[in-house]
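Place chain R on chain G using the hints.
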Amino acid sequence: MASSSTSPCAACKFLRRKCLPECVFAPYFPPDQPQKFANVHKVFGASNVTKLLNELQPHQREDAVNSLAYEADMRLRDPVYGCVGVISLLQHQLRQLQMDLSCAKSELSKYQNLGLSSHGLIAAAHQGINILGGGASSRDHHHHFHHQLFPVSQQQVIRAFDGGSGYDASSLLAMNMAGSIGQLGGFPQSRAAGTAADGRRTPVEPS
Amino acid sequence: MASSSMYSNPPCAACKFLRRKCNSTCIFSPYFPPEDPNKFFNVHKIFGASNVNKLLNDILPHQREDAVSSLAYEAEARLKDPVYGCVGAISVLQKQVFMLQRELDATNASIMRYASSRGDYESSYSDPDSGVPLPYTSSWSAGFPGESPGKGGDDSV
Numbered sequence: 000m001a002s003s004s005t006s007p008c009a010a011c012k013f014l015r016r017k018c019l020p021e022c023v024f025a026p027y028f029p030p031d032q033p034q035k036f037a038n039v040h041k042v043f044g045a046s047n048v049t050k051l052l053n054e055l056q057p058h059q060r061e062d063a064v065n066s067l068a069y070e071a072d073m074r075l076r077d078p079v080y081g082c083v084g085v086i087s088l089l090q091h092q093l094r095q096l097q098m099d100l101s102c103a104k105s106e107l108s109k110y111q112n113l114g115l116s117s118h119g120l121i122a123a124a125h126q127g128i129n130i131l132g133g134g135a136s137s138r139d140h141h142h143h144f145h146h147q148l149f150p151v152s153q154q155q156v157i158r159a160f161d162g163g164s165g166y167d168a169s170s171l172l173a174m175n176m177a178g179s180i181g182q183l184g185g186f187p188q189s190r191a192a193g194t195a196a197d198g199r200r201t202p203v204e205p206s
Numbered sequence: 000m001a002s003s004s005m006y007s008n009p010p011c012a013a014c015k016f017l018r019r020k021c022n023s024t025c026i027f028s029p030y031f032p033p034e035d036p037n038k039f040f041n042v043h044k045i046f047g048a049s050n051v052n053k054l055l056n057d058i059l060p061h062q063r064e065d066a067v068s069s070l071a072y073e074a075e076a077r078l079k080d081p082v083y084g085c086v087g088a089i090s091v092l093q094k095q096v097f098m099l100q101r102e103l104d105a106t107n108a109s110i111m112r113y114a115s116s117r118g119d120y121e122s123s124y125s126d127p128d129s130g131v132p133l134p135y136t137s138s139w140s141a142g143f144p145g146e147s148p149g150k151g152g153d154d155s156v
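Residue numbers (numbering that gives the first Met the number 0), protein chains in the order written: chain G, 0 to 206; chain R, 0 to 156.
Chain G extracted, bound-state conformation (with noise of 0.2 Å):
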């Protein structure tokens, strides 16, 4: 006598039904994680899921069911923004931190140049130069440190990350849920989403 001994995948179990062998949510929402399928349900509906799935090659479709799953539970967590609220908080600690490190480079480049002009003058009193003099050692030598004070600039890096303004970042209740983005570490980048529109609560256009 044939025993099915393979329980069904959580999302036939929350339907209902039975699981066949050709389930398309059987490898991706496994039966010990019931809440991940019922989250997918409840925001995407099964049958969206499945001709999402469907229209994707089968190496995708894990990626896919994960990214789901998260935005359904971000929506759950903050029914109004979900991850658009993440998006947006992401954002504005992008914008924050390029001001710090603007700053911060700039206040760093004061001690350099502070450093520069005690720097060269100790050096050229060790090597017994003629400061006073002028030489051309000790012009070589403040020239080594100007170079050694201005490393290779990243401000094009940084102004490249400036995506304006989104939602209003305000909701603690999103910069809570900001927390659980840890989850994603094993995703591949994608192209991120394109600049956000200026002025509060309009949304980041997608790029």
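It should be emphasised that the hints constitute simulated quantities derived from the structure, not laboratory data.
Check the hints yourself; a few may be wrong.
No more than 27 Å apart at the CA atoms, straight line, and that leaves these computed lysine-lysine pairs for DSS-like [unchecked claim]:
#1 Lys41/G x Lys79/R
#2 Lys50/G x Lys94/R
#3 Lys53/R x Lys50/G
#4 Lys50/G x Lys38/R
#5 Lys38/R x Lys41/G
#6 Lys94/R x Lys79/R
#7 Lys50/G x Lys44/R
Computed spacing ranges between beta-carbons, pair by pair [claimed, not checked]:
#8 Asn53/G x Asp57/R: 24 to 34 Å
#9 Lys17/G x His61/R: 15 to 25 Å
#10 Thr5/G x Asp35/R: 27 to 37 Å
Don't be surprised by glycine CBs; every beta carbon is placed ideally from N, CA and C.
The following block gives chain R in isolation, referenced to the frame of chain G:
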């Protein structure tokens, strides 16, 4: 005899798509104007009208416009990138934040080295012209708000 159709509003994009009567209590009509049929088409394709209906009913009326806008954004992102949707953008932004935070930490460390070697950390800190206290810490940790910042930054969010 005046026709009733003279005084009725055109159906919203949702009711037009669903081929149903758009009455004054239609929950979609304020957010899916007939001039923008694609907006509802995309949202319906990804989320389904029924799910959107339930979601809108679960939130307050003044929140619904933002909710519909975010749903429309997510739907459009998912149609453009069926594998990752808007989650791809989150992943990229996360990495950018991490890299910038690391660079900021390195720059702060350099500032601290200079300041401590010069012995003027206190004077710099209290320098009214400096504008920003040292070291420079974003209010965001290398992780996310809610985690304790590594360098004594502002915990408030």
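Right, here's what the structure says about each hint:
| no. | hint | result |
| --- | --- | --- |
| 1 | Lys41/G x Lys79/R | holds, 22 Å |
| 2 | Lys50/G x Lys94/R | violated, 31 Å |
| 3 | Lys53/R x Lys50/G | holds, 21 Å |
| 4 | Lys50/G x Lys38/R | holds, 19 Å |
| 5 | Lys38/R x Lys41/G | holds, 21 Å |
| 6 | Lys94/R x Lys79/R | holds, 21 Å |
| 7 | Lys50/G x Lys44/R | holds, 10 Å |
| 8 | Asn53/G x Asp57/R: 24 to 34 Å | holds, 29 Å |
| 9 | Lys17/G x His61/R: 15 to 25 Å | violated, 45 Å |
| 10 | Thr5/G x Asp35/R: 27 to 37 Å | violated, 47 Å |
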